[in-house]
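Let the sequences and hints guide you as you build the complete structure.
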Amino acid sequence: MFRLITNQMIVPNIHLLTLEAPAVARQMKPGQFVILRAEEDGERIPISVSDWDAEKGTVTVMVMNVGITTDRLASLETGISIPTVVGPLGNPTKIEKFGTVLCLGGCYGIGSIFPIARALKEKNNRVFTVIEARSSYLFYWEEKLRKVSDRIVHITRDGTKGYRGHVGRLPEIIKSFQEPVNRIIINGCTFLLKRGSDVSRPLGIETVVSLNPIMIDGTGMCGVCRVTVGSTTKFACVDGPDFDGHQVDWAELLQRRKTYMKEEVIPHRTSRCEEHARKS
Amino acid sequence: MSEPKPKKVDLNRRGMPKQLPEVRRHNFNEVALGYPVKIAVEEAERCLQCKKPKCVLKCPVEIDIPGFIKSISDRNFTAGARILKQKNCLPAVCGRVCPQEEQCEEACVLLKKGGQIAIGRLERFLADWEAGQGELEMPKISPFTGRKVAVVGGGPAGLTVAGDLIKLGHQVTIFEALHEMGGVLTYGIPEFRLPKAIVNREVDYLKKLGVKVVKDFVVGKTRTVESILEEFDAVFIGSGAGLPWFMKIPGENLNGVYSANEYLTRMNLMKGFLFPRFNTPIKNHKRVAVIGGGNVAMDCARVALRLGAETRIVYRRSRKELPARLEEIENAEEEGVVFDFLTLPIKYAGDENGWVKEIECLRMKLGEPDSSGRRRPIPIEGSEFTLPMDAVICAIGNSPNPLISAVTPGLEVGKWGNIVADEETGKTSMERVWAGGDVVTGAATVILAMGAGRKAARSIHEYLSSL
Ligand SMILES: Cc1cc2nc3c(=O)[nH]c(=O)nc-3n(C[C@H](O)[C@H](O)[C@H](O)COP(=O)(O)OP(=O)(O)OC[C@H]3O[C@@H](n4cnc5c(N)ncnc54)[C@H](O)[C@@H]3O)c2cc1C
Numbered sequence: 001m002f003r004l005i006t007n008q009m010i011v012p013n014i015h016l017l018t019l020e021a022p023a024v025a026r027q028m029k030p031g032q033f034v035i036l037r038a039e040e041d042g043e044r045i046p047i048s049v050s051d052w053d054a055e056k057g058t059v060t061v062m063v064m065n066v067g068i069t070t071d072r073l074a075s076l077e078t079g080i081s082i083p084t085v086v087g088p089l090g091n092p093t094k095i096e097k098f099g100t101v102l103c104l105g106g107c108y109g110i111g112s113i114f115p116i117a118r119a120l121k122e123k124n125n126r127v128f129t130v131i132e133a134r135s136s137y138l139f140y141w142e143e144k145l146r147k148v149s150d151r152i153v154h155i156t157r158d159g160t161k162g163y164r165g166h167v168g169r170l171p172e173i174i175k176s177f178q179e180p181v182n183r184i185i186i187n188g189c190t191f192l193l194k195r196g197s198d199v200s201r202p203l204g205i206e207t208v209v210s211l212n213p214i215m216i217d218g219t220g221m222c223g224v225c226r227v228t229v230g231s232t233t234k235f236a237c238v239d240g241p242d243f244d245g246h247q248v249d250w251a252e253l254l255q256r257r258k259t260y261m262k263e264e265v266i267p268h269r270t271s272r273c274e275e276h277a278r279k280s
Numbered sequence: 001m002s003e004p005k006p007k008k009v010d011l012n013r014r015g016m017p018k019q020l021p022e023v024r025r026h027n028f029n030e031v032a033l034g035y036p037v038k039i040a041v042e043e044a045e046r047c048l049q050c051k052k053p054k055c056v057l058k059c060p061v062e063i064d065i066p067g068f069i070k071s072i073s074d075r076n077f078t079a080g081a082r083i084l085k086q087k088n089c090l091p092a093v094c095g096r097v098c099p100q101e102e103q104c105e106e107a108c109v110l111l112k113k114g115g116q117i118a119i120g121r122l123e124r125f126l127a128d129w130e131a132g133q134g135e136l137e138m139p140k141i142s143p144f145t146g147r148k149v150a151v152v153g154g155g156p157a158g159l160t161v162a163g164d165l166i167k168l169g170h171q172v173t174i175f176e177a178l179h180e181m182g183g184v185l186t187y188g189i190p191e192f193r194l195p196k197a198i199v200n201r202e203v204d205y206l207k208k209l210g211v212k213v214v215k216d217f218v219v220g221k222t223r224t225v226e227s228i229l230e231e232f233d234a235v236f237i238g239s240g241a242g243l244p245w246f247m248k249i250p251g252e253n254l255n256g257v258y259s260a261n262e263y264l265t266r267m268n269l270m271k272g273f274l275f276p277r278f279n280t281p282i283k284n285h286k287r288v289a290v291i292g293g294g295n296v297a298m299d300c301a302r303v304a305l306r307l308g309a310e311t312r313i314v315y316r317r318s319r320k321e322l323p324a325r326l327e328e329i330e331n332a333e334e335e336g337v338v339f340d341f342l343t344l345p346i347k348y349a350g351d352e353n354g355w356v357k358e359i360e361c362l363r364m365k366l367g368e369p370d371s372s373g374r375r376r377p378i379p380i381e382g383s384e385f386t387l388p389m390d391a392v393i394c395a396i397g398n399s400p401n402p403l404i405s406a407v408t409p410g411l412e413v414g415k416w417g418n419i420v421a422d423e424e425t426g427k428t429s430m431e432r433v434w435a436g437g438d439v440v441t442g443a444a445t446v447i448l449a450m451g452a453g454r455k456a457a458r459s460i461h462e463y464l465s466s467l
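Keeping their order, the protein sequence lines are chains U and Z. For the first sequence, my numbering gives the first residue as 1, with consecutive numbering after it. For the second sequence, my numbering gives the first residue as 1, with consecutive numbering after it.
Source of the hints: derived by calculation from the structure; they are not laboratory data. Quick caveat: nothing in here was measured; it's all calculated off a predicted structure. Some clues are possibly wrong.
Stated by the list, open to error - Okay, derived cross-link-like pairs now, DSS-like style, lysine-lysine, Cα gap no bigger than 25 Å in a straight line:
#1 K56/U to K286/Z
#2 K234/U to K415/Z
#3 K258/U to K248/Z
#4 K234/U to K357/Z
#5 K347/Z to K234/U
As structure tokens, then:
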């Protein structure tokens with residue numbers, strides 16, 4: 001069992017969870033993920049890791065409340081234990097001295113891009129961090145990110161902070177840096193990964209995306225996380241989660257992510273008054 | 001007193017009651033119901049008690065088969081259970097899923113006359129009888145030797161090693177990647193063939209003997225083998241053959257195309273068949289095709305059928321070549337699974353939402369035997385046809401998962417990613433590391449995995465005793 005130490009809604013609908021998982025924390029590297037279960041007999045979901053403390057034995061994740069399991073996780077009280085925190089899974093993000101690296105994060109990816117930016121900084125890269133959200137009130141961890149970034153740029157769809165719009169503005173932002181960017185690393189929802197890769201392609205900048213397909217075991221056993229990269233099928237859990245964004249078959253990935261939408265989201269999106277009434 | 005009359009050989013192999021096909025195809029309860037006491041005794045009495053029993057030689061764990069059968073005919077079930085447990089720590093499992101027809105029962109002298117003893121059913125009878133008695137008898141445990149062994153994987157191989165070594169007084173810890181123990185017994189084989197309560201019972205028994213269990217722990221990720229060796233005197237790797245194969249044909253990544261592992265895991269481990277009570281999303285498909293002809297394919301098909309789908313097995317050879325156990329093929333047929341023999345899928349086509357909607361297939365004919373001795377399927381030109389389908393389960397095989405070997409430089413692997421280990425001892429190329437079961441042989445059987453575990457345990461014990 002793994003004790004929940006913090007559960008804080010850090011911005012609307014995104015919950016910062018800190019869990020006690022010493023063995024996992026000891027091995028964790030930037031870009032890896034864990035699989036969680038909120039309760040016995042609950043489903044297993046992959047979640048990117050946003051921070052960890054090897055000494056205290058804790059792991060911090062950002063959970064976006066979108067489905068049945070994330071809803072359960074979001075509503076857990078601190079002090080409670082959850083049955084599964086397994087990891088670290090997947091390969092770490094490649095960290096070397098690249099020169100100048102643009103780290104782009106959206107939604108939960110604003111959190112999970114942080115350890116990547118930190119590690120890049122430790123390797124003496126110039127780190128430009130771009131964070132994206134619907135509106136300025138959805139940004140978090142800006143201070144943490146600022147400490148490990150040479151510059152920080154915001155994009156909001158409503159224009160309440162930084163650039164107005166979406167990642168389509170990335171080429172302009174890069175231009176404004178007035179220095180070449182050697183690599184782009186993107187964490188966030190599939191749409192952000194795809195659009196980011198689309199706009200970086202003409203710029204010829206190597207773009208690494210952290211994919212987040214549906215997974216069960218996270219060790220290569222079930223194959224549900226298959227993605228086509230180049231022209232070969234890869235398992236995101238063991239071959240990834242990082243891939244070359246210019247090689248990913250995005251149409252297929254987006255379609256595969258929708259597989260369980262009907263069953264999961266519909267019950268979640270209703271008020272579920274009936275269920276509450278029955279329980280009380 | 002007159003000489004006892006030589007017993008007339010009874011060739012009537014007693015049948016085991018089963019749920020009726022039209023009933024069982026709508027539920028997940030166990031299909032085969034087990035012998036009642038009276039029938040078990042009758043069946044046991046048929047055994048000729050050969051002086052040199054061939055059945056024992058064909059048993060990978062060398063159970064004293066005539067011995068336990070004799071106890072049944074003497075109605076001394078406690079003694080029988082004890083005999084079983086001497087050699088087999090999972091009798092309730094093996095009695096259900098072992099391919100006895102190619103092992104012990106194939107060696108029975110009565111086979112020629114068609115009356116071979118139902119050894120598997122008798123094994124199951126004893127194991128179930130013992131479980132019904134409440135508290136299980138605890139074996140003697142040797143005093144603690146001060147030695148520590150780590151076992152990777154909670155499948156039959158790992159469980160056997162753990163059981164053997166704990167009794168010899170070593171401390172044993174099992175590290176299991178998933179959130180449940182049992183390996184394929186838990187996430188693969190469906191409830192109606194092997195109730196999970198039975199697997200749990202066996203695991204609980206090991207825990208009572210003192211085996212420590214650490215779940216949600218992926219060796220190679222959470223901790224490397226090398227690091228484990230710093231804390232433990234020996235490591236046994238029994239991580240199975242969990243990497244699913246796909247056919248690499250167009251359309252295989254469409255929604256609704258599953259690996260057998262995914263499908264079975266969703267149903268078993270995640271209790272998908274109880275959705276929405278348990279939260280793993282599954283689909284209620286109307287037409288399901290299962291590709292392949294082994295036990296795994298039969299299991300997938302029978303699960304799909306129970307979820308209400310019209311289910312077909314698509315297999316490229318003929319019925320005769322099906323690698324699955326005959327009993328399971330017959331069960332599937334009785335339940336209404338349709339078989340498309342001599343059929344090879346070559347492509348999946350999808351609808352506008354990316355869901356599979358049909359399989360394009362080729363008809364095959366059988367040619368000369370290949371290296372496996374089975375006749376090779378040859379495509380018939382121009383025989384393309386389509387099967388409309390809303391889900392496909394690919395059950396064409398698995399190989400060992402490279403996750404551990406990839407990060408364990410000293411560990412020699414073979415060409416299928418299998419860990420290379422000595423057949424007699426389970427020793428690998430790495431010092432203090434043993435391996436056995438599917439990770440060494442590729443996908444095989446429960447009893448072979450247990451046999452390998454037994455040999456490795458013996459070798460590990462020898463090593464530990466020499467320290
Ligand atoms: C659907 C299906 C039906 C079958 N039916 C039959 C049958 O009727 N009769 C029969 O005899 N055989 C059958 N088999 C085959 C049989 O189940 C296997 O041969 C047997 O389970 C192998 O045992 P094992 O201990 O080697 O591996 P497994 O049972 O595969 O167990 C391996 C365990 O190791 C764990 N693991 C893997 N990697 C790691 C890691 N890195 N760290 C920690 N743990 C790890 C896995 O999660 C798993 O729990 C069937 C198989 C399947 C899939």
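Each hint tested on the structure:
no.	hint	in the structure
1	K56/U to K286/Z	violated, 51 Å
2	K234/U to K415/Z	holds, 20 Å
3	K258/U to K248/Z	holds, 22 Å
4	K234/U to K357/Z	holds, 23 Å
5	K347/Z to K234/U	holds, 19 Å
Comparing the model with each numbered hint stated earlier shows that hint 1 is the single one that does not hold.
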